[in-house]
Amino acid sequence: MQPDKSRHIQIVLATLLMGATVYVLGNNLMADREPPAMATTTAREPQLVPEPKVVLKDAGMFEEPVAAETAGQADDKPVSKRDLAQFYSRRAYPGAPPIIPHELLDKRGIGGNTCTGCHAQGGYVPLFKAYAPVTPHPQWSNCVQCHVPAAEKTRFRETEFVPATRPSLVKAALPGGPPAVPHSLDYRGACQACHAGPAAVKEIRTPHPERQNCRQCHVSHDRPDTAFERQQP
Amino acid sequence: MKRRDMLKQIATLAAVGAAQELMPGVVFAAPTVDPRLQGLDWQKAPCRFCGTGCGLLIGLEKGRAVAVKGDPTSPVNKGLCCVKGYHSVMALYGADRFKTAWVRKDGKLTPVPVQQALDLVASKMKETIAATGKDSVAIYGSGQWTIPDGYVASKFFKGCIGTNNVEANARLCMASAVTGMMTTFGLDEPMGCYEDIDHADVFVLWGNNMAEMHPVLFSRVLERRLARPEIKIIDLTTRWTRTSMASDKVMVFQPQTDLAILNAICYEILRNGWADQRFLEQHVSFKAGKTNIGYGTEDKFAFTDEAKPLTLQEYRKKLEDYTPEKVEALSGVPAKDIRYLASLYGDPKKKLVSFWCMGFNQHTRGTWVNNLVYNAHLLTGKISMPGNGPFSLTGQPSACGTVREVGTLTHRLPHGDVTDPHARELAAKIWRVPVERIPSKPTYHTVEMFRALDRGEIRFLWIQVTNPMVTMPKLKRYRDATKKEGRFIVVSEVYPTPTSDIADVILPSAMWIEREGMFGSGERRTQHWNKLVQPPGEAMSDTWQLIEVARRMGFTKEFPYKEETHIRDIWEEYRQFQHGPQHEMAPYDELRAKPGVLWPFVNGKETKWRYHGKYDAAAKGTGHHFYGKPDQHAWIWFRPYEAPAESPDAQYPFWLNTGRVVEHWHTGSLTRRIPVLHQAVPRSYAELHPADAKRLNVRNGDRVRLTSRRGSLVLTAQIDGRGRPAEGQVFVPFFDESILINELTLDAFCPISRQPDYKKCAVKVEKA
Ligand code: SF4
Chain A
1 MQPDKSRHIQ IVLATLLMGA TVYVLGNNLM ADREPPAMAT TTAREPQLVP EPKVVLKDAG
61 MFEEPVAAET AGQADDKPVS KRDLAQFYSR RAYPGAPPII PHELLDKRGI GGNTCTGCHA
121 QGGYVPLFKA YAPVTPHPQW SNCVQCHVPA AEKTRFRETE FVPATRPSLV KAALPGGPPA
181 VPHSLDYRGA CQACHAGPAA VKEIRTPHPE RQNCRQCHVS HDRPDTAFER QQP
Chain B
1 MKRRDMLKQI ATLAAVGAAQ ELMPGVVFAA PTVDPRLQGL DWQKAPCRFC GTGCGLLIGL
61 EKGRAVAVKG DPTSPVNKGL CCVKGYHSVM ALYGADRFKT AWVRKDGKLT PVPVQQALDL
121 VASKMKETIA ATGKDSVAIY GSGQWTIPDG YVASKFFKGC IGTNNVEANA RLCMASAVTG
181 MMTTFGLDEP MGCYEDIDHA DVFVLWGNNM AEMHPVLFSR VLERRLARPE IKIIDLTTRW
241 TRTSMASDKV MVFQPQTDLA ILNAICYEIL RNGWADQRFL EQHVSFKAGK TNIGYGTEDK
301 FAFTDEAKPL TLQEYRKKLE DYTPEKVEAL SGVPAKDIRY LASLYGDPKK KLVSFWCMGF
361 NQHTRGTWVN NLVYNAHLLT GKISMPGNGP FSLTGQPSAC GTVREVGTLT HRLPHGDVTD
421 PHARELAAKI WRVPVERIPS KPTYHTVEMF RALDRGEIRF LWIQVTNPMV TMPKLKRYRD
481 ATKKEGRFIV VSEVYPTPTS DIADVILPSA MWIEREGMFG SGERRTQHWN KLVQPPGEAM
541 SDTWQLIEVA RRMGFTKEFP YKEETHIRDI WEEYRQFQHG PQHEMAPYDE LRAKPGVLWP
601 FVNGKETKWR YHGKYDAAAK GTGHHFYGKP DQHAWIWFRP YEAPAESPDA QYPFWLNTGR
661 VVEHWHTGSL TRRIPVLHQA VPRSYAELHP ADAKRLNVRN GDRVRLTSRR GSLVLTAQID
721 GRGRPAEGQV FVPFFDESIL INELTLDAFC PISRQPDYKK CAVKVEKA
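The listed protein sequences correspond, in order, to chains A and B.
First residue of the first sequence: 1, per this note's numbering; consecutive thereafter.
First residue of the second sequence: 1, per this note's numbering; consecutive thereafter.
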């Protein structure tokens, strides 16, 4: 496997830039960032890129409390109150690709021209009165390959599936040590995407977004512990 | 948390850390690793759904499959999956799994212990053979059979009972790809591999909605284009899809006219002098076959093709009917677009991959259209090299591994055709059965097998891992056949389906990671997985069900395997069939250790590109060598345009096209039991073009009635959803067992491959 280095560098740079914005400007200013207009992405069949005229039904997006949380917040844009319970309610098991909690803006597209308009960089989306969660893998553009909306909440048949136990938030090996990363890092290695910024889930938001080299202190702990064995020469 | 508190906390934590460093002898606290941090036990398995064959890692906890991630070490998907793969383990846990056998008594299905049901199956089989002969029992399997399932079925039916009544649903999805390759190259399966994606400059997709059907491969294509915007994706299609939206150029053609467009491309290649003359002289022969070859809609239809040699000049002459202008009139694709496409094939500096799947294969001229795409690659010599080649994508996870390689079709053996005495001798030797027992004549292909059931020639049918009561075209005839007096149907299944509804015996199957097995994917990759979880109740693998029944019929010597090691034993036995540099399969231990191995696996090395001395141990010399045909050439066939079996007319003015959506796998018996997937697409619908909808006064969500000469169905109209058919066409996904679109389809098939055409028949559309 030969991942494209330049793209990875781009992603890292984008992530760093975002983190730096958080650090320099603080959350309040960050809230002023609007998602880029959809037209900035390459439209290959211009007449077919749909207008974002959306009639939003259901889907849990509005379950989200949108009242301003922090005292002293100057503008009227709410701070996201996404929490872990909601985070998990959109995943079949911890680590599953989340469902899309709103209607697709473009049913016929693959998402590269629409979803990424908000989810590549995040920011406040007036249309949804919410902060867009940021994708940790902007290199993939066929979004609807993995993320699907729920047209309805019915069941075809009942299921007895039991999802994996949720990773613990109690985490450090020693008291006071940096918590380990309790999930796989494949396609989720851009930590800032989920752990920093106004759309980050409260419980897993980093208290130190100014620190950028996450894995200097937080190591992945995704596999079962096996004893170290010295290879015989 | 306030910022000040946060900083305070950080300071405290830092102090603790520092204290630990300063006083190394002091134990502050036992390391308190939360058990939930230990992580899951991740084990590899190939995805159970499409033919892409993604490598998965299955997360196990307390004996259950609880999570999935893509296997980053798999060269197929490099850690990425699609929504089906990510949720695949949930398919094991539908609440209505069959955990015991069911037997029909006085018309009603009643639960019985599995051993008792197996006794009944064996005695019924013996009885039927005694009464109406060995050719009155049949097995109908699947491209989702594991390799051991298919191998044991073939050995049992062909080698032990002595009937060629073995077919698999891959006949409905891959048969034209097989006959296309056999007629052109003399050997089956693609020359290239998915790594071609990493080298190509142009991707031409022929009737192939790759964004939904092979999403992980399409993502690899998109990833490559993102890095190099000069890379082009060209979509040849009858329906505007998500793939079209992501393509650089979309050419919408009238159904069936792909035959003509491909001939026009070849015409242009020759006219412009883009053909590789040296390649043609050294590696290619020209042939013409029979024309006006029929559609197989009548019982006992028979057809044998004949290859008449042609010269290049004669071939060129025949192509004169396919000038871009003439083909524009027929296909609706502008002549300048056809010329542009031809120039991409013709440009020696551009590496080009053609991808196709059901659009070509489910086609009454499926073999021909496969031949024609090979022609374009052979004329230009763009074949069997990294980034250059025709690539037939596969629908099912083991259509290649189990059906094409093991040969679970009426005319095949694990190596060679039943008509070939050497192939029969080899099989008899490895199976240790008398050679006379293996019959030399093929019996029924799938459609004809169900017709024979209807006519009463077949009396006993065992169906495994497939759902023909949803997927057979012209469904009513074949459903009625199963219900006729004196028919006995055994169904090995995991969930209730329309097929288990017509069963006389239901055997509960252990599926996928509930047993050990192997699949062979569309790039000649064999993938092994271990049994990872216990099957529910008495559920038993299809392999073991077959072995149990075979032994009950007296074939204990032929099936000596021990339960603990039977998959290894079966694999190593099967591997003997494929010895030699053209087919060599990897040893069992190799398969266990790796995320799949490409065959031919020669001297510890995979073969990524066949028919080229640089990459393929079977090829002589350092360049191309097409060793599959007796003349050591690849054959360019002249194949004309011929009309489809049924076209729209005044009474039935619309084309009906059927297919899949990314969320659902085939008939949905698994994916509909996965809540995420069901909720995304809860039921089937009819896609209409907005102009047609307006004319019919139908709005999105209205009910419409579709009627063909065979049946009628009411369903919901969808306008400008994920697909937009051309005007005068409707598209209906086939996954929904309560909206059986195959009541309307036609059982016309390609006379050479005998694969039905699910993409074209005539219907009427009315507001309901
Ligand atoms: S369904 Fe196909 S593309 Fe999706 S994960 Fe499975 S093998 Fe890969």
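Any given hint could turn out to be false.
As the list claims (entries may be wrong) - Straight line, CA to CA, 20 Å or less: simulated EDC-like cross-link-like pairs of lysine to aspartate or glutamate: (1) B/Lys99 x B/Glu514; (2) B/Lys484 x B/Glu457; (3) B/Lys605 x B/Asp631; (4) B/Lys134 x B/Glu457; (5) B/Lys134 x B/Glu436; (6) B/Lys99 x A/Glu160; (7) B/Lys351 x B/Asp569; (8) B/Lys767 x B/Asp692; (9) B/Lys557 x B/Asp569; (10) A/Lys107 x B/Asp248; (11) B/Lys62 x A/Glu160; (12) A/Lys107 x B/Glu538; (13) A/Lys107 x B/Glu328; (14) B/Lys249 x B/Glu306; (15) B/Lys562 x B/Glu538; (16) B/Lys605 x B/Asp649; (17) B/Lys99 x A/Glu158; (18) B/Lys99 x B/Glu572.
Calculated directly from the structure, the hints in this document are not laboratory data.
Structure-based check of each hint:
1. B/Lys99 x B/Glu514: 13 Å, holds
2. B/Lys484 x B/Glu457: Between lysine 484 of chain B and glutamate 457 of chain B the Cα gap is close to 12 Å, so the pair holds against 20 Å.
3. B/Lys605 x B/Asp631: 27 Å, violated
4. B/Lys134 x B/Glu457: 10 Å, holds
5. B/Lys134 x B/Glu436: 14 Å, holds
6. B/Lys99 x A/Glu160: 14 Å, holds
7. B/Lys351 x B/Asp569: Violated, at roughly 43 Å.
8. B/Lys767 x B/Asp692: 11 Å, holds
9. B/Lys557 x B/Asp569: 14 Å, holds
10. A/Lys107 x B/Asp248: The given pair, whose Cα atoms are some 19 Å apart, holds under the 20 Å limit.
11. B/Lys62 x A/Glu160: Holds: lysine 62 of chain B and glutamate 160 of chain A sit about 14 Å apart, inside 20 Å.
12. A/Lys107 x B/Glu538: 43 Å, violated
13. A/Lys107 x B/Glu328: 30 Å, violated
14. B/Lys249 x B/Glu306: This hinted pair is violated, its Cα atoms lying about 38 Å apart.
15. B/Lys562 x B/Glu538: 18 Å, holds
16. B/Lys605 x B/Asp649: 55 Å, violated
17. B/Lys99 x A/Glu158: Distance ~16 Å between lysine 99 of chain B and glutamate 158 of chain A Cα, so the pair holds.
18. B/Lys99 x B/Glu572: With Cα atoms ~31 Å apart, lysine 99 of chain B and glutamate 572 of chain B exceed 20 Å; violated.
Against the hints set out earlier in the document, violations occur for numbers 3, 7, 12, 13, 14, 16, 18.
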